[in-house]
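Asks: Add chain S to chain L, keeping to what the hints say.
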Amino acid sequence: MRYRLKLIALPIVALLAVSAGFVYVHWSKGGTGAGLYSRHWSPDPVQGYWDPENFYQSTEIVEGIFEAELCVQCHEGITPGIVADWRASRHALNIDPVSCNDCHGSDHQQLRLPTPEVCGKCHGKQHGEFQDEARYGFPSHVLAMERALDAPHFADKPKAEVQSCVQCHSVATKCDSCHTRHRFDAAEARRPEACVTCHSGPPHPDDETYFASAHGQLYRAEGSDWDWSKPLIKGNYKAPTCAYCHMDGGRHQVAHKSLWKFGLREINPHTSKNQVLRKRWIKLCSDCHEESKAAQWLTDLDQERKQAWKKLYKAEAVLKDLRSEELLRPAADERPPYPMGSLWQRERIGFFEGQASAFYNVSAIERDYFEMWYFENLGAYKSAAHGSMAGIKSGHDKMAASLDRIETKAKELRNLFEAEQKGEIAPAPSELWMKGAYTDYNRDHN
Amino acid sequence: MLWSVFNKMRSTIWMLSIFGLVVNPALSEETIAPGPFTDTECVNCHTERNPKLIRQWRQGPHAADPGSGCGSCHGDRHKDSNEKARKDQSCASCHEGPAGHSYSLSKHGVINHLNEDRQDWNQPLQRGKYRAPTCSYCHLHNGDHGNTMAPSHGPEVRQWICSGCHSPRYVREQFANGKRQLEIADLKVKEGEELIASAVDMQSGALTELKQRLIRHRRNVLFGVGHQSPDHQWWHGQPALDGDLIRIREAVSEFHRKAPLERPFSRSPGDN
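As given, the protein sequences belong to chains L and S, one line each in that order. Heads up, our numbering is the position in the first sequence plus 5, with the first residue counted as 1. Heads up, our numbering is the position in the second sequence plus 78, with the first residue counted as 1.
Where hints are given, some of them may not hold.
Said to hold, decoys possible - Residues from chain L that keep clear of chain S, each with C-beta distances beyond 12 Å, as calculated:
1) ALA14
2) GLY36
3) THR37
4) GLU72
5) ALA97
6) GLN115
7) GLU134
8) PRO144
9) ASP155
10) SER229
11) CYS290
12) ASP307
13) LYS315
14) LEU408
15) GLU412
What the hints assert, rightly or not - Derived DSBU-like pairs (lysine-lysine); straight-line CA-CA distance at most 35 Å:
16) L:LYS414 - S:LYS336
17) S:LYS207 - L:LYS126
18) S:LYS162 - L:LYS235
19) L:LYS398 - S:LYS289
20) L:LYS440 - S:LYS268
21) L:LYS416 - S:LYS268
22) S:LYS162 - L:LYS403
23) S:LYS336 - L:LYS315
24) S:LYS289 - L:LYS316
25) L:LYS319 - S:LYS336
26) L:LYS325 - L:LYS416
Derived by calculation from the structure, the hints in this document are not laboratory data. Quick caveat, the model's predicted, so the values are computed rather than measured. The beta-carbon is built from N, C-alpha and C at its ideal position, and this holds for glycine as well.
In isolation and in its complexed conformation, chain L is listed as follows (with noise of 0.2 Å):
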């Protein structure tokens, strides 16, 4: 009877926790911001041009219905700039031409800035498979404003220090990131420069890395030269880009065979799923190279990314190591909390643990450890998959170093937690993290 009821209780108590997650998941999303957390924040007021699905709102100024001509007439005066754009496009000299009011609305006081969907109403191919992205996951372009957003720390910091997260996301949720208004050109996006506005720096030095590579030094001499209104496929490019690559016969999807998954984290380059994408990449690579040679490739870099994440597990076990033994400083109470709070205060380490967010305002030895993961690693990464060999020796030769620093740096943290206890000398809580012109202004500017 008992173990009856526990049966039937079971599954209800599991239906009622997973309601209850849905519940809160839902209410949490209703606050002044947008996402996980948007009850702890309200946006930048430049944040509607970045994501103007949830905060772009319309100026009021002018009054009236307007369409086509009506609207060139009055900004061939106030920003003559788009307008010649605009002329230049293939939107203005199509016989049936995609004026101003098709994208932006009619009515000027409720002027929309164009969205993913409204591109998709004539776009709808390309759109369809951006929207299709999402089931790749992250790092995808279509979710990546999605994860900007529920990041914990664009929540915490000021909304006016993370519009330049916005600007790179919105990826997500414009389509002018790589077709830029107003001539919205394909010949243009399929460019690597296209790219490159976002693609890089420390994480992801996907210019420097492309570049330096034989496929980027073949574009850097020639590429100027080259017909970009072909498609991009097999035989119309002398040299592969960013886009001939990743976004293989126009396809809208950067994921469609993302395998080592940025580099963010360890994934078992086998799996039955993971074939599939490593077929995907051969048979890319064999428009112009043997088969063989390009399976070889991705060995060398299954192979380069086991080497990484030798280096990088240890760190984490250093770190890992530290903080069971209560010797990070500042401990994690000693730090200022998010705005969100956390039922458990502890010290976040490594990619599960949420570090990417944790990389200000924590010990020098976690960041050291956050640089060599997310800066050093990365970019030994981008320079495997993309050739550049002497960044894959750079990246590699930096870890190693950063790994020796950290490990210098753990005995030295017991030492000195040693000599403390043999001269009973106890440090007070410090309040050092908790004060400062930044810190104070971060903790009332969510």
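Replies: Frame of chain L; chain S shown alone:
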């Protein structure tokens, strides 16, 4: 028929041509020697022809630098000298580092780079004439040689330049956000400098280096904001400043922890 008309008007045509060449030399490049010209020659001639331009140039930082005369941007020939100076390359050879890099990574820099061959560089640096702003489009707008983006020109000038393509509200909001981003970077610099100043006993080379890093990373935010490079605003800017603050705090806190250990025999007066 046409020929006879031409014959009748020949003298008039000649007269007009000569008049044009004498009175308005700009009508014909042939009247001006092809060069090469020295910077002094340029300045001497243009002080008469474009006194305003020379005045603007003299007041700016380029005139103060002996290495950057007219020829640095325009070349030493008269032909194509303006087209040459309008292109980004003429600036990039000197303005390397984050200043140039932040622009070339920005959407403006990328669009320009990709459209360079299609752009008519004979056009004056005015609204509607360029697909995207170049260095000179913003900083020497309408040929003003006094850096039109400098604070001394006032916000209205910047607003006017950017709103040639962007809506007035967009420009206003971007500038306001940029200002807030910089204020935040300034707060980080202040926090770091105050931490360093509070550790009176421990001024060291490492701390001086950290102080310089704060200034450098704050500058990256400025370039990131001004040139609209998210990479410089963020990865080379704000989180880099966060890292500097962490390292400064580490130095300060270790100093405080180590201090009592390095004085093992010192006792407080009450102990005796």
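Asks: For each hint, tell me whether it holds in the structure or not.
Replies: For each hint, the structure was consulted:
| no. | hint | verdict |
| --- | --- | --- |
| 1 | ALA14 | holds (49 Å) |
| 2 | GLY36 | holds (21 Å) |
| 3 | THR37 | holds (18 Å) |
| 4 | GLU72 | holds (18 Å) |
| 5 | ALA97 | holds (14 Å) |
| 6 | GLN115 | holds (15 Å) |
| 7 | GLU134 | holds (23 Å) |
| 8 | PRO144 | holds (16 Å) |
| 9 | ASP155 | holds (17 Å) |
| 10 | SER229 | violated (7 Å) |
| 11 | CYS290 | holds (26 Å) |
| 12 | ASP307 | holds (28 Å) |
| 13 | LYS315 | holds (25 Å) |
| 14 | LEU408 | holds (18 Å) |
| 15 | GLU412 | holds (17 Å) |
| 16 | L:LYS414 - S:LYS336 | holds (14 Å) |
| 17 | S:LYS207 - L:LYS126 | holds (31 Å) |
| 18 | S:LYS162 - L:LYS235 | holds (31 Å) |
| 19 | L:LYS398 - S:LYS289 | holds (31 Å) |
| 20 | L:LYS440 - S:LYS268 | holds (12 Å) |
| 21 | L:LYS416 - S:LYS268 | holds (32 Å) |
| 22 | S:LYS162 - L:LYS403 | violated (42 Å) |
| 23 | S:LYS336 - L:LYS315 | holds (33 Å) |
| 24 | S:LYS289 - L:LYS316 | holds (31 Å) |
| 25 | L:LYS319 - S:LYS336 | holds (28 Å) |
| 26 | L:LYS325 - L:LYS416 | holds (14 Å) |
Violated hints for the displayed structure, listed by number in ascending order: 10 and 22.
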